[in-house]
Structure formats: structure tokens, C-alpha cells
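Protein chains: 4
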Amino acid sequence: MQTENKPNFASDYLEGAHPAILQRLAETNTEQTSGYGTDEHCERARNLIRKAADCPNAAVHFLVGGTQTNAAVIDAFLRPYEGVIAADTGHIAVHEAGAIEAGGHKVLTLAGEAGKLSAETLKRYLHDFYADENRAHAVQPGMVYISQPTECGTLYSKKELSDITALCREYALAFYIDGARLAYALSSPKNDVTLSDLAAVSDAFYIGGTKCGALFGEAIVIPDKNRLPHFITTIKQHGALLAKGRLLGIQFETLFEDDLYFRIGSNAIRAADKIRSFLDTHGFRQYFASPTNQIFIVLKNEDYALLSEKIGLSFWEKADEAHTVARIATSWATTDEQVERLLKALSEHSPCGKS
Amino acid sequence: MQTENKPNFASDYLEGAHPAILQRLAETNTEQTSGYGTDEHCERARNLIRKAADCPNAAVHFLVGGTQTNAAVIDAFLRPYEGVIAADTGHIAVHEAGAIEAGGHKVLTLAGEAGKLSAETLKRYLHDFYADENRAHAVQPGMVYISQPTECGTLYSKKELSDITALCREYALAFYIDGARLAYALSSPKNDVTLSDLAAVSDAFYIGGTKCGALFGEAIVIPDKNRLPHFITTIKQHGALLAKGRLLGIQFETLFEDDLYFRIGSNAIRAADKIRSFLDTHGFRQYFASPTNQIFIVLKNEDYALLSEKIGLSFWEKADEAHTVARIATSWATTDEQVERLLKALSEHSPCGKS
Amino acid sequence: MQTENKPNFASDYLEGAHPAILQRLAETNTEQTSGYGTDEHCERARNLIRKAADCPNAAVHFLVGGTQTNAAVIDAFLRPYEGVIAADTGHIAVHEAGAIEAGGHKVLTLAGEAGKLSAETLKRYLHDFYADENRAHAVQPGMVYISQPTECGTLYSKKELSDITALCREYALAFYIDGARLAYALSSPKNDVTLSDLAAVSDAFYIGGTKCGALFGEAIVIPDKNRLPHFITTIKQHGALLAKGRLLGIQFETLFEDDLYFRIGSNAIRAADKIRSFLDTHGFRQYFASPTNQIFIVLKNEDYALLSEKIGLSFWEKADEAHTVARIATSWATTDEQVERLLKALSEHSPCGKS
Amino acid sequence: MQTENKPNFASDYLEGAHPAILQRLAETNTEQTSGYGTDEHCERARNLIRKAADCPNAAVHFLVGGTQTNAAVIDAFLRPYEGVIAADTGHIAVHEAGAIEAGGHKVLTLAGEAGKLSAETLKRYLHDFYADENRAHAVQPGMVYISQPTECGTLYSKKELSDITALCREYALAFYIDGARLAYALSSPKNDVTLSDLAAVSDAFYIGGTKCGALFGEAIVIPDKNRLPHFITTIKQHGALLAKGRLLGIQFETLFEDDLYFRIGSNAIRAADKIRSFLDTHGFRQYFASPTNQIFIVLKNEDYALLSEKIGLSFWEKADEAHTVARIATSWATTDEQVERLLKALSEHSPCGKS
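Chains as they are written, first to last, in this note's numbering: chain E, 54 to 408; chain A, 54 to 408; chain B, 54 to 408; chain S, 54 to 408.
If you're looking for bench data, these hints aren't it; they were derived computationally from the structure.
Do not take every clue at face value.
[As the list claims (entries may be wrong)] Each computed SDA-like pair below joins lysine to any residue, with the alpha-carbon atoms no more than 25 Å apart:
hint, chain 1, residue 1, chain 2, residue 2
1, E, K397, A, E96
2, B, K371, A, D185
3, A, K363, B, V378
4, B, K278, E, I285
5, S, K353, E, H335
6, B, K363, S, Y224
7, S, K327, B, E84
8, S, K176, E, H180
9, E, K371, S, Y224
10, B, K363, B, V378
11, A, K278, S, A225
12, B, K371, A, E80
13, B, K212, B, A189
14, A, K176, A, E186
15, E, K59, A, E80
16, A, K59, E, K397
17, E, K59, A, E96
18, S, K176, S, E186
19, S, K363, S, F315
[To be verified] Every beta carbon over 10 Å from chain A, so not counted as near; a handful from chain B, in silico:
hint, residue
20, H148
21, T334
22, L359
Note that this is a predicted model, so its numbers are computed, not measured.
Ideal Cβ positions, reconstructed from N, Cα and C, are used throughout, including at glycine.
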């Protein structure tokens, strides 16, 4: 339900779209274009992304949402006897209603730390798997899936990604990076991973639009354009080929002209950093050390209830019987006034103490 | 590729959206709403549709595109051992890249006539199937799928639909109607089937937005709201649950206020009727007797080539070695000027003769 | 139900197994062997088959039944966006309860003639498919499936197979041959296709055991052993990896020592030829010109009913309102006495006339 | 590979079948019967099982192996949006090569204890699931799967099963019990769960043949015969409908006449108890407290290597860097002489100490 009368930090997809996108949609509305991504807007957007990620030979495809993107990419890379490795908090493992399994593939979950899958954990799993005499009776690992930033708002460093890449190459696994909130990674001062790095370390990644200022849309980048033959047919089979593909082209054109995508990220990070600074100063406990647009705070259950009356928050999980983890998400649309109202509301609740 | 310098009749989804929709999206852009269709715009759109179709107990769900809609609905109704019956020209049988089979279900095709599946054909199939001693080794029929209007632009009458419904009830089959272009059926003077009739005869149907003036979007109507438990999870599993569900709610709100959906259809039909009148007068052969927004004309191959230089047309199929069937589609966006230019271009080509 | 008091020609899998197989199972019963096909009997059977088919580098896998064999092989060869081409009478298209679709793949049916898919039909389909601008929205052809002998008892000649192979290579399609009744092809005097030829023309074929004298079992031959990596895991995933794999090894060892497989075929063909000769002499109409162990006769409905009281027959289909097509199948187990009783029963019914 | 020169305790499916089964197959070999389980042997076996489990209205189906049985049953019970709950050691979660996911369903693993899923663990999961506001975006629980005995040889008590049943009924979950080694549960002196109890507490269970004296075969019991309409078609679609179904009927007829199934279990338990007694006396550590035919001993790595030269054992897992868990399985076929040789070999290795 709508929550107009209080600032809402429940997620980063509460509003429509960045105004520049709406304006461009209006300007191009009467153009007649061919469908399914064959139009000139899509072509231009593809080139802007290839340039931004410094991968001129990449295939770039535009889909509407994250779950369909993950399902289509994973389906396209894996053979039927293969599964996809993910952290146990990975979006595909938890919140996609079994979309990967519906495509016939097991999600092989490994224990993550604050949402991150470490190269060591991965290495141990792979070592054990290939040491198992009965492994032919088990799902074969075929891909590693991670999110940047993770579902917990944390970031992989360039070194951490390279270590995973090395393992993937050693074991012939595809490496796929879910960038649903990528703008908020790219704009974080703690981040050392560029679009170009993502193209260098992975077999595929996607640049999220839905949660980063677009009405909707995700741009899949496959650095080696020959890697997935007939991917269009796979996309269509997944019901994920938008008839008016231009809508995606126009949006990503807008996002990647004039660095709008990065400016969108910066606004969210500036707001989040301001909130984090306040939390640190006032002794609030943060559940994950996130440097991006998501902040996870631990509140007494009663404080969580009271705060929720003033501010839209997202329930994350119970920290223990008496405490709740709440998520605060900033976005391209977060205003200074909203942040002030949040900080004011927070200041009315005693912190539960640093961990 | 774009074809800006000539009028384009290649399809009915060449432009963006009806201006009223864009305007509403702009007006609501800064509202903060909850996601996944739980917002007030969706709720209001659902009620408008329930009222328009006179089915107050219907469940109404909004999805982005036709293929994902068909796949999700069929998956939700069928059991694993069941298949869906369709005319051999049915969209699910031909142009959805195997989306239904990817969900594990066979499309059981029967011979259609100008895109229509007749009750007699269906009855004969069902009789033979249940007379077959080995039927336990075959896919069990579980649903009948038709399109209104059909892929050939033709219409089922109310009587024809009722006859199919009677068979479906006799054989315990679900009956599902694909309304990708429903506005163009509802506005055709030859049509005698209302939204309310569709709700009465079927177990589910969808009201197409993508091809009828929306940016995108299809509204599934399930007259008995308890028929498909957990359908939201099925939609999510299909990657078809739009995060910013409000975008669909806002569009269908706009379409079903002030009868916009019907006015959109009327514009297309008026243009198509004008073209059909010209074709009849000038001796052009129409491949199907379509009373909706799609017109299929038979042209000599060389005429087809020449005409295509002046007007955007869609190749349908070869009528024979020397003749091509071309599709002309009008839409909510078709202007008088575009029609005039089409007729002028047509008049420069001698007709291939009435059939 | 059992039909002990009358000779039964309803199918070729009415009895247990050739006595030599039962004897070998008894002799080896107390051996302790490793499971899942890793035992010495399987290894020996693989080598016997490699030798018989003159393909020393083949991978050979043993599965229990035909449907699971077809599903596993097709699943292993195809990518998700691909379908398998078959004649409309193909077993996978009709009598496998949608097993191929359950694996996510469409069966692309083409019109066959007496069960055979011709190279011309295939060529036309492929030509048209690749000429279609919208083919990216359709299931991509990935494999050709045929049966030798066909479900109608007919045979492909070596030339016919080579023509299909040429098309498959031109269009990069896998070519797979279902040999559920292969013994009855190999032993037919009209046959010019050897096991070695099958290995040369196809990417995979299977040697049927269930219908050819084994208790159960089908031997998949993949001439290029590197073609299907991790195929064991695919077999396991399909629930088709027999724990006591030795049972399959022992049976195929027995079948391919001393040419037992060919002798089994010969017995069935000799019996079928005797029946065919009688039918020709007495003016019975045969529905398909089958030179193998299946005979399809057209009978007046009342004659079919009367004959069925004396002889076990299989209903095939209605030829027209007044006539029934019945199938007579001989096998390794058919005795002279059974044939005599069949001919006696047939002679009591006036033929319906040659076609 | 075969291991003829040393006693093999690596599994319980190393030999062919109990001699009574082979004899019956030989005696019935020339009978002509109809296929796919419609013969009189299957009908008689079904009735014997209905009587043994005291469930006269049960549907009973015979399949070849465990993986296909699990996949078919789970597929038949679940809706596409549902998953199956299992202990993390459950066979379907680990050793079936993703067969359940290939059918589109997630295996929802919960932490087990020595292979057992407790009602408390289940209750906590279900409570948390239904308390989660975002549960519509997650796979819905639809079934509980357990094994009796478990993969670790442990047993559920009647009380433990009833507690799970109560939760299943409360949450509308199907309850399915995998009885691959059921004979060894039924014959254990520690067991208080009868076949009749299994029929009372579950929605389906299967009586394992492959690991309990049959050549192959598992008998699915569905206490309410109307629960799974068209299950034969589901079985066929899974490639799991044996053409010569009689082979399964004959085997289960033999197993359930004269209590052969129970005598088979008793032999294995007697041998296992003798080994356990020796292990206890000599200070060997058992990894799980199994009262059935599987024994898990912890050995120093070097002792494991030496012992493996004399006795066939199965590697289970590493207990730690220095110790290996080995599995000893007895069966219907285990002889006193084999046990003596095992004990002699064990006595030559110092135990690693009780835990």
C-alpha cells in the first residue's frame, strides 16, 4: 500500500523513474520503430554500454526485470546436468520463487559472509566435489553466481573477484554477476571495481536499471559476443523479450549518456553515507558493514514498531528474540528532506548498542 | 530498423503509448508506492476491469508481455501430465520459442481455419482421444487455448465460444483466451462478444495492452478468484512479476477510465475498414476475411517488393511461388494521413484478382 | 490381462526373455559387482557392441527402457532453445506421454509416409525455417529423430539415411536413431543398413533389447565417445541409471555373443514372412508395406471383433468407419504352432480386398 | 570393478537377486502377458502389498529404481510453485543428480541429525516461512520427504512419524517416505513402525526392492487411491513405466508371499548386529547409531586403506583430516563366512577409540 504521508526508505524502487527517462520516452513516443530490440535506440544504448565497459565485442541484451534476467542467463550457460553455485543469501537462492529450479537447475548454496561468497569457500567446495568418487551422481557445478553489490549491500573488491575468476577458469565454470543495484556499487567510495573490470573478470554481468532510476530494465553484458548463440530465442522462450524493445533502449541510452547512471548512484550514496554517519555517532548497530545504498540496522522490536509508524522501513529478519533487523534503502530519488526526517525519527529512539 | 520516412503498417506496436498513458506516468512519477502490484493504482485498475467485465469476484493480475502471460497461465492451470490444445496457427504453437514446452507441457495442435479452432474439430479430437485404449501413454488434454481476435484477425462469435465452453466443461478442460489484440475485437462492428461474455465462457482470459495502446502490459482475468492459488508465486517464478507493478496499474487504470481502451480499438478499426473498402473496390484479394485491425493481402511478389519500398508491411507467408501474403496492421496510432499514403501506394499496383 | 488360452500377437514384448538370458542371469547371480554399469559384464558388453558396430571409439550406455532412453539422449544433445524433428508418427511425438516436452523441448513434427521422414520433407522444412525472418521467435531445430524400423514396421534404406545425414551436417543438427526393434530390421531380407552403417550415419542410436528378446534394456551407441560429456549424470538425473547395471551388461553380453541378437530377429522375420505370404495369397490388405516383424492388416470391424476372440491382436487405428487396422507382431518367441493357429483363424474371415 | 576375491560389504546391491525371484522369473518366462503393469502378476502383487500394509484402498505402482520413483511421486504431488522439504542428507538432495530440480522443484533442505528430520526443525521452518511477509517470492513448501531407514541407517519411531504427520496436516503438506531399504527397517529389533503404520501416517511411501533382494523394483503405495489421478501417465512421462511390467509384479509377488521380504531383512540385520557387537566389544567408533543394515565406522586413514585391501567397503566421508568414515552394508545375501572374514580383518586393526 502507498505510504505517502511518511518518507519511505523500504526499497530503492518506490518511485517511477528518473525524470530524464520519462522525458525521453515522451519525446520519442511517436517514432515508429521495429520491435524486440532491433531498433536504433537499442543499438545506440548497446554501443554506449560497450564503451562504458570497455568491451567492444560484447553482446548486450535488454530485459525487463532481474528474475527473468537471472533465469535466462543461467539457463543459457548451463547444461542440464549442471547447477549454479551461489551464496546462501543469493537472490536466486531465496527470492526468485524457484525460477532457477523451474528451469531445471539446482542452486548449489555455499555459506556466505555478509552476502559474499569467498574464493576460499568456493575452492574448498570445488576441491571436495572433485575428490568425491560419487560425484557423477550429483549435480555438476557449472557456474558461479554473485551479486555486486550483494543483497546485504556489501562489495567485492577487484582482488576478490579476480580470485573467483581464477577458480572459475581452473574448473571451467561460467562466472556471472548480478548487478541489480550496480549503480550503487559503482558510486561507492569504497568500490574499486569498474564496469570494465566486471567485463574482464566475468562471462556475463548485468547492469541493473529497475533499482537504479529506470522504470524497469536490466542490461546483460556478455563480453564475448559469441558465447551464447541464439540467446534471443532463449530470452523469448523465457517470456522476457519485450515487444517494444525500444523502451529499454531509450532508457539505457538516457542512463549512459552524460553519466546519468553514475550520478544516480552518487545521490543514493551521499544520502546513505549521511545516515551511516549519524548511526555511527549515535551508537546504532549496523548488521552488515555495507558501503552502498542499503543500511541494515538492529533495533529493539518495540523501537522498530514505533519507528515504522514514522518512516517506511523494510523488515529484514529477526536478529534475536528481542531485536529486529530493518533495512533502509536510499536511491536516486532520495531527498535531503527525507533524510532529515529519517534522522529525526531515529534520534527519538535509543540505540541498542554497538556490537 | 526504423522506417521513419515511410508510413509503417508492419505491426500494431510500432509506437510508444497512447499519450494519456505517458501523461499519467509523468503525473504519478514521484509517488512512493509498494511493489509487485500491491499498490493502489493496481487495485483501482483491478476494480475497473472487474466492473468492465462484470465479474466482481475475478482475480486480476498484470503482466508485462504476452508470452510470459501465456506461459504463466498455462503452467498454473495444467498438471504435469497435461497439454494445451491450440489451433496450429496459435501463437503459443508457433511464435513463443517453445515457452510452453520449456514449462514441460506439450502444445496439442489441431487444424484451424483462418486461425480459428472449431468446436467440431475439438469434439472429434476429444472423442478420438478418449476412445484410444493407449491414451494413458499420451499427453492428456488439460486446456483449450484460443485467441480473440485470432492471429489471422478473425473473430469467434459468442455462439462459437459457448460451444467450446460446453465441450470444455464436458471434458473438464480449462478454457483460456488470449486477448493480445482484444481492443480490436471489442471495437469491431462484426463482434458480438463482450468482456462480460469472455468472463462467462472462460476460466481465464487476458486483456492485451502492449498491442492496444499501452507501453506494455497484459491484464489476466480469472473469473473465479480462487481458481489459481499462489498464482503470484507462479508469476514470480516465471520472472513475470514487475517490481514497479504500479506501472501496469497506472496504464490499465488509464485504459479503463473513460473507455479509452474501446476508443483505441475504434480508431484502428475505422482505419482498417477504410483500407478494406479500398481493397474490395480495387480487386485486391484478402487472404483471411478479417474484421479487425489486421488485413492480409495477396500480392504478386514483385508488387510486394515495390510496395514495401513505400510502406512498412509485414511479410506473412508465401501464398504460392508467385505471390506473397503481406500483413497490414492498424492501431490506436494510425492517422488518416498514413492511411491515405497507403491507399495511394496500393493504387499504383494492379491487384492480383479476387479469389 | 493375460490371454493364455489363445496365441497372442498383440506385441513383441509379451514373454519374459530369451532363455539364454535367464540362464546367464542365474549363473552370475552370486557374483558381487560394483553398481551403475561399472562392472565387468557391462564393460564386456560394451566391447562386443563396439565390435559389432565397428566403432571402437564409441561410448555405449545401457538403459532400461525406450522412453527414458529417448528422453535422456535428446536432453543431452539439445540446448534449451532447440527442438527435435520427428515424423508425426514418431514414438516421441505420440506415445511417450510428453516426456520430451517435460524435458523442455518441443517435438517438431513433419508429415511422414508410412512412418518414414523423407529427406525431401526435411529439406523443405529446413529451407523454410531458415528463410523465415521471425525464426528467432520459434524453436530452433537441433536434432532429427527417426526410428529404424519405424513404428509402422517400415525401413529406411542406407541411401535414405545418408541423405538425412547430409542435411543434418549441412544444418548442424544431431541425428539420432531409435532402434527399439532394431533386431527386426537387421534380420529383414529387405534391409541394407548394418549396425556399422548406423554408427557411420548417426550421432547416436540405440539397440533395443526390451522388444528383441531381453527382459528389458536398450544400448545407446554414441560413435564419438567425447560427444556427450557427463552423460552418466544426465542418465542419473533422468532416473535411468540402473543400480544393478550388471543386469543390463549380462543381457547385452548374451545378445551379442554368438549373434544371438540376429538370430532372435530372424525367427521373428521368418514367422512374419510366412504370415505376409498368406495375407497376399488370400487377398488381405496390408496398411503399411512393412518388411519387418510388424504387420498391419485392414479388417472389417466385425471381422476384427471375431478374430480378436481367437487371436491376440493390437488395435492400431480405424481405417474408416467400417474398417479397423490391426497389428500383428511376431518376435523371438513366436512359434510355428502360434503362426498356424493365426493363419487358421485368418482363413475363417473373408479378406476385405487388396488396396 | 568386481571384487571377487574379497568379501564385499560396499553396498546392499552387489548381487543379482534372491534365488526365489530368479526361479519365479524362469517359471513364468513363457507366459504371454499384457504390458505396463496390467498383467495378473502385478495385480496379485498389488493385493499382497495392500494386505501387508492393511490399506485395501491403496493404489500400488511398481517402478524400476529409486531416483525415478522419487522424481515421479514428487512431480505428481507438487504444484509448480512448490518445493519438497528434506533433511540435508536426503537422497533427493544429494545423490540424484538434480532429478527433482530437473522436474522444476526446489529441494528445501533443513538440517538433519544422523539423517533424520525432526518435527521441531520442521515446525520452526514452517513457522518462520509463514511469518515471512515476502514468502510469496519464495518457493512454497508442498511436501515433506524422509527416508525410513535414513541414508545414515537410522530409524524414525512411530511417535516421530506421527509428529511429522500432524505438522503436514496442519500445513497441508504431502508426506512421502522413501523406503529404499525398508526391509532392513522392518526387520530391525529397534523398529516400532509397521507397513500399516507407514500407510496410516503418509500420503505415499515406497517399498524398496532393489536394495532388498529384488533384481530391481520399488513399490509405491498411495493409501488413498484417488489421490494422484493419471499417475500412470506421469510414470510414463518420467520414462519409468516398464514395458514388461510383469517383471515387477512377479518379483513383488515373490517378496510378499511367505514373508520373504521380512526374512531378507532379518538376514541382513542378524549379520549387522553381529558386526556391531564386535565393534562395540573392540572399541571401534560408530559414526551413526544405526540399528539397521548399514554400519558406519570411523577408521584412521591408514587403517581404512589397509582394511580396504581385504574387504570391500564404501567410503562415506572424511571424519577429520586423519580419519575416514567407512560404510559396511549387509544384505539378504550376506553369509556367515563373509562376516567372519570381515571380523577377522577388523581385528587386525586397532580401533581408533570410542568417541
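So, going through the hints one by one against the coordinates:
| no. | hint | in the structure |
| --- | --- | --- |
| 1 | E:K397 to A:E96 | violated (33 Å) |
| 2 | B:K371 to A:D185 | holds (10 Å) |
| 3 | A:K363 to B:V378 | violated (57 Å) |
| 4 | B:K278 to E:I285 | violated (31 Å) |
| 5 | S:K353 to E:H335 | violated (55 Å) |
| 6 | B:K363 to S:Y224 | violated (56 Å) |
| 7 | S:K327 to B:E84 | holds (23 Å) |
| 8 | S:K176 to E:H180 | violated (35 Å) |
| 9 | E:K371 to S:Y224 | holds (23 Å) |
| 10 | B:K363 to B:V378 | holds (17 Å) |
| 11 | A:K278 to S:A225 | holds (20 Å) |
| 12 | B:K371 to A:E80 | violated (66 Å) |
| 13 | B:K212 to B:A189 | violated (33 Å) |
| 14 | A:K176 to A:E186 | holds (18 Å) |
| 15 | E:K59 to A:E80 | holds (19 Å) |
| 16 | A:K59 to E:K397 | violated (59 Å) |
| 17 | E:K59 to A:E96 | holds (21 Å) |
| 18 | S:K176 to S:E186 | holds (18 Å) |
| 19 | S:K363 to S:F315 | violated (30 Å) |
| 20 | H148 | violated (5 Å) |
| 21 | T334 | holds (31 Å) |
| 22 | L359 | holds (19 Å) |
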